[in-house]
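Going by our numbering, the first residue of the sequence shown is number 4, and it counts up by one from there.
Please keep in mind that the hints were generated in silico from the structure rather than gathered at the bench. Accuracy of the hints is not assured; some may be wrong.
Quick list of in silico lysine-lysine cross-link-like pairs, DSBU-like style, CA-CA up to 30 Å [what the hints assert, rightly or not]:
#1 Lys5 x Lys95
#2 Lys14 x Lys128
#3 Lys6 x Lys128
#4 Lys14 x Lys238
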Amino acid sequence: MKKLLCSEWIKFRSDYMSVGLAIIFVVLLPFLMLSLDDVKNVGLEKRVMSELLHALYLAQIAIIIFASFHFGQEFVKSSFRTNCLAVPKRKKWLLAKFIFFFLLLFFLYFLALLLCLLLIIFYFKLNLTMPLLLNVGRQVIPALISNFVFAFLAAGLTLIFQSWRVATAILFPLLLGLSHLLLTFFREAKYLPDLATLSLFDYKEVAEKIELSGLGIQVLWLCLIVGSAIFLTLKRDVR
């Protein structure tokens, strides 16, 4: 497993496009936080928290492109066939790929949120008290989980269709408003993965309860898509 993880790291750092997309994502989150100013006439804490959550929502667009492209590289120049021949146990290869991607996402979000934290301290000049940090964690963690799920949905779709472009073409319009359009015609559209967790990206006062049922719906989508991706990948003929 260690050798497979090292192999994934070497492949990632050797792909300048993937590295570039990762850097863009890290910088994009604090940039969006600076650019958004959609909450006016409210306290500084509420404004900062609202902009951070909205930035996390918009950053999903970047993360699905990154996730799709990262997994899509397996289907360029017979890379998938080479990997399957080099590692006969595809389950082990898939597990290593998913673990590496999770660790990579964790690191990228850590860097991006660290930059956002520095913005909160030095640009917005907000004093970081323990109650504030607890409130930030209480609201940001569910939103982060949703982002991670969306990234793995993109990865799963890429493995199913063997194309990062198809995966992006499916998820990109949903985040840009297609799901809202569908909701005007079909009530069932509220169960789409982006609409199910939309409330997680709205700021709530400390006393308000955060609705987590949408995460459950998103996890069901994750099980369906990633489960199908794993099944098809294990059964795919590379001869």
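Hints, one by one, checked against the model:
For the proposed pair Lys5 and Lys95, the alpha carbon gap of about 11 Å is at most 30 Å, so the pair holds. Restraint check for Lys14 and Lys128: not satisfied, since their Cα atoms lie roughly 40 Å apart, outside the 30 Å limit. A distance of roughly 45 Å separates the Cα atoms of Lys6 and Lys128; the hinted pair therefore is violated under the 30 Å criterion. Only pairs whose Cα atoms come within 30 Å are accepted, and Lys14 paired with Lys238 is accepted, the gap being roughly 24 Å.
The earlier numbered hints that this structure contradicts are 2, 3.
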